[in-house]
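The residues making up each chain are set out below.
2 protein chains.
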Amino acid sequence: MPCSEDEEFYGFGLQLKSLASTGRKRTLRVNSDPREDLGDSHAPAPLFFSTRGYGVMIDTARYMSVYMGGNLPLAGKSAKTAEEKTLPSDEAEKLYAREAIHAPLFMDIPAARGVDIYIFCGNNLKEALRRYVLFCGGGCNIPLWGLGLHYRIYTKADEKIALKTAETLRQNQIPCDVLGLEPGWQTHAYSCSLKWSNERFPHWQEMIAELHKQGFHVNLWEHLFLDEGCPIYDSMKEYAGEFQVFDGIVPDLFIPEAQEIFKNYHVDNLIRKGVDAFKLDECDNSDYQFTSWSFPEFSRFPSGIDGEQMHSMLGIKYQQTIVQSMKKAGVVTCGNVRNSHLFAPPLPFVLYSDLYDHVDFIRGICSCGFGGMLWTPELRHAASENDYRRRLQTLILSPQFLMNIWAMPHPPWKQLNEELNRQGVFHLPEKEDELLALTRECVNMRMSFVPYLFMAFGRYQQEGTPPFRALVTEDPENPELRKFDRAWFAGEDLIAAPLVDGEKDLTIPLPSGKWYDFYTGQIYEKEVIFSGDYQELPILVRENSIIPLAQPRQYLDNGRNFEFVINVYGSNPRPFEFFNGQIFSESLPENKTAVGLETLINGKCLRVSEVKYF
Amino acid sequence: MPCSEDEEFYGFGLQLKSLASTGRKRTLRVNSDPREDLGDSHAPAPLFFSTRGYGVMIDTARYMSVYMGGNLPLAGKSAKTAEEKTLPSDEAEKLYAREAIHAPLFMDIPAARGVDIYIFCGNNLKEALRRYVLFCGGGCNIPLWGLGLHYRIYTKADEKIALKTAETLRQNQIPCDVLGLEPGWQTHAYSCSLKWSNERFPHWQEMIAELHKQGFHVNLWEHLFLDEGCPIYDSMKEYAGEFQVFDGIVPDLFIPEAQEIFKNYHVDNLIRKGVDAFKLDECDNSDYQFTSWSFPEFSRFPSGIDGEQMHSMLGIKYQQTIVQSMKKAGVVTCGNVRNSHLFAPPLPFVLYSDLYDHVDFIRGICSCGFGGMLWTPELRHAASENDYRRRLQTLILSPQFLMNIWAMPHPPWKQLNEELNRQGVFHLPEKEDELLALTRECVNMRMSFVPYLFMAFGRYQQEGTPPFRALVTEDPENPELRKFDRAWFAGEDLIAAPLVDGEKDLTIPLPSGKWYDFYTGQIYEKEVIFSGDYQELPILVRENSIIPLAQPRQYLDNGRNFEFVINVYGSNPRPFEFFNGQIFSESLPENKTAVGLETLINGKCLRVSEVKYF
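One line per chain: the protein sequences are E and S, in this order.
Each residue of the first sequence is one higher than the last, beginning at 1 in my numbering.
Each residue of the second sequence is one higher than the last, beginning at 1 in my numbering.
These are calculated hints, taken from the structure and not from any lab test.
Just so you know, not all the hints are guaranteed correct.
Heads up, the list lumps identical chains together, so a pair's fine if it works in one copy or across two of them.
[Claimed, not checked] Derived lysine-lysine pairs resembling BS3-like cross-links, with alpha carbons at most 27 Å apart:
| no. | residue 1 | residue 2 |
| --- | --- | --- |
| 1 | Lys160 | Lys85 |
| 2 | Lys195 | Lys317 |
| 3 | Lys504 | Lys237 |
| 4 | Lys273 | Lys237 |
| 5 | Lys526 | Lys80 |
| 6 | Lys237 | Lys156 |
| 7 | Lys604 | Lys160 |
| 8 | Lys237 | Lys94 |
| 9 | Lys195 | Lys328 |
| 10 | Lys504 | Lys431 |
| 11 | Lys237 | Lys514 |
| 12 | Lys328 | Lys483 |
| 13 | Lys526 | Lys604 |
| 14 | Lys526 | Lys77 |
| 15 | Lys80 | Lys195 |
| 16 | Lys237 | Lys77 |
| 17 | Lys77 | Lys213 |
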């Protein structure tokens with residue numbers, strides 16, 4: 001493909017190590033340990049977008065490489081300027097440690113022929129991106145509770161500890177909507193029995209009922225490598241791939257009969273018994289682990305696809321299967337998954353990783369937008385109070401506020417360090433109080449943004465705009481925004497730019513126009529610098545926007561009558577656009593509606609307790 | 001391939017990140033930044049050896065994957081023990097973070113059919129390894145000077161600085177045999193003109209003559225991506241690959257005419273003008289750099305091979321071409337190269353890397369033995385005096401004592417830190433004296449081992465035993481040796497086990513029999529622990545062996561009449577075996593000769609000044 005000099009590229013699904021891919025080779029292998037900047041990832045999708053306003057989707061489940069400019073054909077003109085040609089020979093090397101975008105792009109798919117390539121056009125990058133999302137069926141429909149705190153409890157927990165954790169959260173006034181159970185809920189995991197452990201969860205139905213009563217939804221960990229103790233093991237064996245994983249079988253969900261068995265099992269035994277969501281683990285491959293970690297790329301599946309194709313598609317097929325099960329049971333879900341690919345936008349699953357670099361986690365939010373994917377910068381533990389603060393703040397305007405405390409028996413505010421937490425060595429009471437207050441503050445802040453974010457998901461579904469996306473999507477011609485991967489748009493009007501522990505300051509380049517400090521209303525243009533001493537999550541608000549902030553609740557399922565404080569930034573606010581209007585007022589239609597500030601306040605579409613003007 | 005439970009595997013050429021590959025997937029891609037333990041490397045060869053005494057060579061230039069056990073076929077029996085089956089579900093995960101060697105090996109070559117597989121058998125691992133080496137034509141023949149200090153000077157140096165560096169080395173009594181010049185010798189590098197710079201080296205012929213007079217050999221840096229300023233550019237263009245690299249052409253050396261042009265240019269303009277060796281850089285690929293760093297895998301070459309095949313074979317073909325040039329000019333050479341593959345043993349080139357982890361560098365020596373390859377743990381700079389000491393010591397019994405000071409204008413003893421060295425900030429005189437003395441001591445020690453090591457190279461050539469190899473080659477049934485990658489055999493009777501900076505102590509498992517501390521004669525069996533305080537390079541000597549130590553000289557070319565101290569370890573020394581006997585005495589034949597201690601001392605085959613009994 002031709003490539004112009006001033007063009008920058010983005011995409012390839014979840015990319016933790018870089019945002020722009022210009023001048024790089026990206027090899028799209030599924031890898032649960034993407035520690036290097038090579039293109040492999042939990043969710044590598046053959047899909048990229050250009051600052052010139054088009055997107056390219058290569059419709060293949062094969063591992064492929066894309067050379068993003070820089071490979072100069074023999075007949076091509078030199079990439080060196082006249083000045084560069086005179087560089088001393090010992091200095092010329094560095095010329096090649098840079099982008100060279102004078103060359104075409106090349107796509108290399110070693111193991112396939114006749115692959116379709118789709119070009120998504122638009123007046124600009126964002127439009128092309130929206131068209132990709134709409135082509136896939138639009139963004140996902142998630143339940144309101146999918147935006148609340150998702151707290152995953154210790155893997156060795158039993159039903160008493162699960163209920164106790166729920167109680168602790170409520171007692172401490174930490175709003176929470178989802179409790180997640182880790183492998184220990186099953187009689188056997190690695191491989192999975194998908195059966196409740198009688199030892200740990202003898203009264204699991206009562207437990208679920210009790211949790212529901214308290215406003216919690218239940219998310220269960222699983223993977224699809226089935227143990228011989230799993231009730232569908234025997235019926236599934238004939239549809240299994242030719243290799244075992246974790247000594248279990250790998251069902252081929254591309255065979256309708258196998259998918260049906262898998263679906264029905266989930267509907268009858270789990271979803272209809274009160275399970276609202278799943279965490280679909282280990283469906284990504286890894287060459288960093290021992291070979292027994294997954295099935296070989298050359299292995300065959302009964303449907304006719306091979307291991308390489310299955311690795312690419314496993315997450316997507318698994319998500320689709322779970323969504324179909326949920327639909328059958330009439331449940332709107334929002335789960336987690338470790339692998340995804342093309343056609344991810346309509347699937348209500350959030351990606352996650354065992355990696356933990358904070359900057360990478362922030363970059364993941366930015367990069368995922370280009371794939372129509374969602375990513376959680378989950379909190380597992382923290383190196384210090386400030387690290388905890390910064391990681392919690394990063395969650396506030398992220399796709400999912402996930403506290404994944406699977407490896408610690410006690411809540412993080414009791415002890416941030418994983419090892420000490422397991423040993424039962426706790427922080428002093430004053431520090432615990434501080435950490436608890438910090439947690440409460442951050443989750444409350446999330447809760448106040450939930451209606452705003454839910455609206456962004458409505459826009460995702462109906463218009464295709466990813467709710468979380470890199471700043472460059474707003475102004476692709478601005479060179480400062482092109483490589484910036486430390487902030488993202490949350491919805492239309494907010495920019496979140498978390499600080500990370502230990503940094504002195506963070507300079508945030510801004511898209512054109514005026515931007516307000518969310519808290520103080522101070523106005524910035526072009527750029528803003530936040531010092532490492534700044535205690536809050538840096539948030540910038542677009543001029544003339546209206547941000548409705550809900551009064552926090554302990555959970556989201558109890559009706560739609562939020563009470564709002566309305567923040568108005570600028571003197572000439574744009575009409576407020578409702579998507580998914582049903583959470584605001586019964587009188588609003590489901591689809592897009594624009595309402596002026598006056599109507600908003602007085603027109604009963606919101607219960608407004610206060611209006612603040614900045 | 002079948003695989004037995006107690007079997008361990010080694011090989012795949014240079015591997016910096018692990019020694020044994022059992023239970024792992026190895027993907028053999030050429031990569032100049034092998035930062036992860038995936039099988040990719042500067043020199044990945046489809047060749048592995050088993051502790052059961054056989055080797056497997058897959059004759060392909062394609063990137064391939066080998067699954068080294070662990071992938072359990074659907075019908076295969078479970079890898080779990082009865083006890084493991086009862087593990088709680090939250091603990092079963094760790095079972096798969098281990099080797100599982102109950103499963104067969106699988107080889108996956110996506111892009112080739114009809115590949116030949118060679119099995120090398122033997123009574124043991126070492127014998128199988130020797131047979132591979134002999135199958136390739138035996139180990140390389142290197143000149144004696146190839147074992148002396150190879151000192152590469154600052155890349156911005158001109159001829160005055162080159163001569164000054166030589167003078168400094170001689171004045172400081174640092175023995176040195178090879179001076180290496182970096183890209184700056186050429187009018188243009190990246191891509192290469194292969195022409196002497198008139199600005200920096202106007203009297204290069206006089207400079208070479210002067211260096212020769214002082215006993216130095218000259219090694220020139222180059223790569224084969226040719227600049228339009230290169231005299232053979234026009235004639236080579238028709239034999240070039242379809243992509244440029246560094247804005248230069250990539251000659252296809254698989255075309256005899258192209259190889260001939262390349263050879264003749266080197267013979268006429270460089271080798272016959274006094275150049276004795278080359279450093280063949282950048283002939284490995286890297287996906288970690290910008291795409292312009294090399295040619296794409298899908299690209300085609302006029303001989304009919306593609307970029308993937310060329311990446312695999314480029315180093316081998318390049319080495320062969322240089323060796324043929326040298327032969328034509330009657331020069332025995334020993335150079336450096338950044339890429340190699342199968343059939344490396346007869347090629348007198350030592351691998352190197354831009355990476356710099358000390359433990360990885362030690363591991364490289366161990367792993368290379370299984371590929372019939374040589375590797376230098378080169379010294380470039382050091383973090384501290386102790387780091388400098390440990391890195392220098394690692395070089396003493398390594399394939400090549402390379403001080404690669406290309407990035408520093410001053411010798412390391414003036415300033416170990418690269419940045420400060422460039423700024424001209426020097427250590428205090430006392431520290432400089434200390435570092436200089438340390439350097440002298442380590443190089444002198446190397447010089448005293450040169451005849452011993454040269455003999456090991458003779459054995460390599462004639463019997464196939466790699467001169468440097470992992471301890472497991474000696475006793476594959478010893479479980480302690482199987483994973484040990486911190487020590488290697490140098491020749492038949494010495495084990496070198498360098499300490500690295502900052503470690504508290506190092507426990508070295510020993511092959512069966514008694515082992516002597518080289519310096520003190522203290523006897524160890526089974527294992528020995530060296531404390532981090534131990535100041536010397538830990539060296540262990542096999543019982544009843546005779547180690548001839550030469551009186552150090554300033555360089556090695558001045559005749560064969562070494563004067564020896566003979567160290568005798570044990571009361572019943574085995575006859576001393578000569579290979580490459582010509583460096584010891586004119587009366588000895590070229591081939592293997594065994595001589596008893598008495599004859600050795602009195603029989604005029606060595607000039608012995610002292611015999612020490614331990």
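### Message
Tell me the hint numbers this structure goes against, listed in increasing order.
### Response
Hints 3, 5, 6, 7, 11, 12, 13, 14 and 17 contradicted; others consistent.
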